[in-house]
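Asker: Quick mapping for you: the protein sequence lines, in order, are chains A and B.
Counting in numbering that gives the first Met the number 0, the first sequence runs from 0 upward without gaps.
Counting in numbering that gives the first Met the number 0, the second sequence runs from 0 upward without gaps.
These are calculated hints, taken from the structure and not from any lab test.
It cannot be assumed that every hint is accurate.
[Said to hold, decoys possible] Derived Cβ-Cβ restraints for the label pairs, each shown as a range:
#1 A:S26 x B:R86: 37 to 47 Å
#2 B:Q185 x A:A72: 32 to 42 Å
#3 A:K114 x B:R86: 54 to 64 Å
#4 A:Q276 x B:E119: 32 to 42 Å
#5 B:M0 x A:E87: 49 to 59 Å
#6 A:K112 x B:Q185: 44 to 54 Å
#7 A:R278 x B:D90: 21 to 31 Å
#8 B:R308 x A:R68: 23 to 33 Å
#9 B:R86 x A:R278: 30 to 40 Å
We treat Cβ as the ideally placed atom computed from N, Cα and C, and that holds for glycine.
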Amino acid sequence: MGWFTKSKKPVEALPPPEEELWIVCSSCKAHIFKQEWDKNLQVCPKCNFHEKLTCYERIHITLDEKTFREFNAEISTSDPIQFSDAAEAYKDKAEATKTKVGLKESVVTGSGKIKDITVTVAVMDFRFLGGSLGSGAGEKILLAADYALRHSRPYIVFSASGGARMHEGIISLMQMPKTCAGIARLHRAGIPYISVLTHPTTGGVSASYAMVGDLNIAEPGALIGFAGRRVIEQTIKQELPNGFQTAEYLLEHGFVDQIVHRKDMKDFLASVLRYWQRR
Amino acid sequence: MELDFEKPLVEIEKKIGELEKSAQAPDAQFGPEIAELERKKTELAKEIYAKLTPWQIVQVARHPDRPLMVDYLGGMCSQFIELHGDRCFGDDPGVLGGLATFGDYRVVVIGHRKGKNVEENVKFNFGMANPEGYRKALRLMRLAEKYRLPVVSFIDTPGAYPGPEAEARGQAEAIARNLTEMSLLQTPIVVVVTGEGGSGGAIGIGVGDVVLMLANSIYSVISPEGCASILWRDGAKAPEAAAALRLTARDLLELDVVDEVIPEPPGGAHRNHEETISATQKSLLKHLKKLVHASTKKLVAARYEKYSRIGR
Ligand SMILES: [Zn+2]
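Generate coordinates for the entire structure from the input sequences, incorporating the hints supplied.
Answerer: As structure tokens, this is what we get:
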């Protein structure tokens with residue numbers, strides 16, 4: 000319990016529960032006044048850690064107000080291999096997640112405007128089974144790409160994902176070529192595709208649509224990589240340095256174009272989109 | 000290597016071996032006895048292999064005596080010109096590729112390269128590709144496209160190499176790039192999973208118009224051991240995970256992820272390379288024959304349809 004909860008006020012006048020007032024940064028553990036935290040778009044003012052956003056929070060800070068129109072909201076998880084472990088069936092786990100998170104899949108897609116420029120977006124939500132690439136998610140990402148293609152709209156995908164969804168087995172793996180096939184058609188048609196990699200983007204998502212943007216843009220400090228840290232450490236039998244697989248590491252190695260602070264992201268996207276619009 | 004469920008089979012094989020040795024004596028007459036044992040062996044092999052559990056199939060798919068890509072090339076191709084390097088960083092020994100003549104067809108072959116022994120496996124990194132391996136494969140596919148030669152891709156890998164240098168050189172980007180480029184490659188692609196289809200490392204060269212699987216090969220989003228250690232915090236539960244993941248050729252055919260299962264001889268591919276390779280050759284030729292006559296435009300459109308349907 001932190002120092003801030005030690006109220007000098009009488010017991011009857013207890014302040015609201017601490018979680019409503021304070022946020023503990025999950026990176027540097029600093030206690031930040033919630034108002035300040037929210038005003039800062041959930042970026043830690045002490046260490047600049049960009050906390051994960053829900054898909055609707057991301058949409059809210061990225062798109063012009065009231066311009067978002069969701070696509071295929073009815074697409075939900077399916078259970079292609081009837082997966083279950085000793086503890087529970089995937090079907091039940093998925094249902095519980097849907098109730099808890101209030102989403103039907105790990106991604107929300109749709110169209111909206113960024114500073115009056117109409118775009119197609121897909122925004123992943125890490126709360127939904129670690130943002131994993133289920134068949135429903137792959138389908139939504141592909142359908143949005145297809146919409147962008149048919150309407151000649153730039154496509155922007157915000158990734159936040161641990162990778163493939165083990166519970167959907169090979170069907171999940173096949174969402175990698177499936178989504179990339181959609182991106183390939185945008186490339187061929189000359190339609191802009193921007194991939195925004197947020198914390199974390201790993202495994203099968205980093206190894207598919209997230210890494211093949213015309214622009215790959217990352218948020219500061221985001222974990223981005225193919226293999227998990229633990230797996231690599233077990234392979235080489237030594238510890239990895241700090242900063243390995245961060246956005247900064249990827250920039251240094253040539254895999255992202257720019258690292259953009261969350262507060263600047265909308266302006267950045269708008270200026271790129273405007274550049275492309277010019278004839 | 001001897002798998003525990005193959006013990007009865009190995010016993011008979013030993014007996015046959017002994018009799019054959021004795022049969023070389025001038026007055027020996029073991030011919031009929033050997034024939035009878037051979038018949039029994041085939042029966043038994045069929046019986047055992049018809050009832051393999053998914054985990055046992057994983058063992059067969061990883062069997063060190065299973066034919067490797069080099070064996071398929073040696074058995075099927077009248078000519079093979081190996082081509083090295085990704086023209087960018089280096090030459091990945093874990094990926095083999097080049098120009099081949101296969102029946103009446105000139106094809107570009109790419110695939111994972113495993114070794115026949117420990118030294119070879121260390122050299123080829125156990126068939127685990129680095130980014131330059133995926134980039135070499137892509138370079139060769141571009142060459143295939145230029146000459147409108149079909150690509151034949153052989154999949155046999157535990158997975159893409161999970162090392163720090165692989166990350167530094169962009170393992171994720173290399174695989175992602177291949178998935179994107181292969182979906183629109185303007186030439187036919189036939190993929191055959193011969194052993195282990197290990198996750199992203201497999202699909203990284205595994206997008207095709209036709210995807211074939213050997214009967215005892217596997218294809219999975221994660222290794223059974225990896226799955227077990229995540230779900231049960233216990234790698235020893237891999238047999239349960241193997242069953243839950245539905246990673247056998249039969250499963251994938253049912254799930255519409257592969258187009259055809261290539262039969263293996265009784266007792267598995269490691270017992271009879273010749274028969275395995277000839278069955279694979281037959282299947283490959285059949286599909287190539289169809290694909291080379293298709294219009295490129297239709298082919299690429301059908302490829303998109305094929306992948307967009309998976310999981311719909
Ligand atoms: Zn912090």
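Asker: Does each hint fit the structure? Answer for all of them.
Answerer: Here is what the structure says about each hint:
For the pair S26 (chain A) and R86 (chain B), the supplied restraint of 37 to 47 Å holds, since their beta-carbon distance comes to about 40 Å. Checked against the hint of 32 to 42 Å, the pair Q185 (chain B) and A72 (chain A) passes, with Cβ atoms roughly 36 Å apart. The hinted range of 54 to 64 Å is not satisfied by K114 (chain A) and R86 (chain B), whose Cβ atoms lie roughly 41 Å apart. Against the hinted window of 32 to 42 Å, the Cβ-Cβ separation of Q276 (chain A) and E119 (chain B) comes to about 55 Å, which falls outside the hint.
Judged by the Cβ atoms, the range 49 to 59 Å given for M0 (chain B) and E87 (chain A) is violated: they are separated by roughly 37 Å. For the pair K112 (chain A) and Q185 (chain B), the beta carbons lie near 36 Å from each other, so the given range of 44 to 54 Å is not met. Separation of R278 (chain A) from D90 (chain B) is about 45 Å and departs from the stated range, judged on CB atoms against 21 to 31 Å. Our hint of 23 to 33 Å for R308 (chain B) and R68 (chain A) holds, since their Cβ atoms are close to 26 Å apart.
With their beta carbons about 36 Å apart, R86 (chain B) and R278 (chain A) fall inside the hinted range of 30 to 40 Å.
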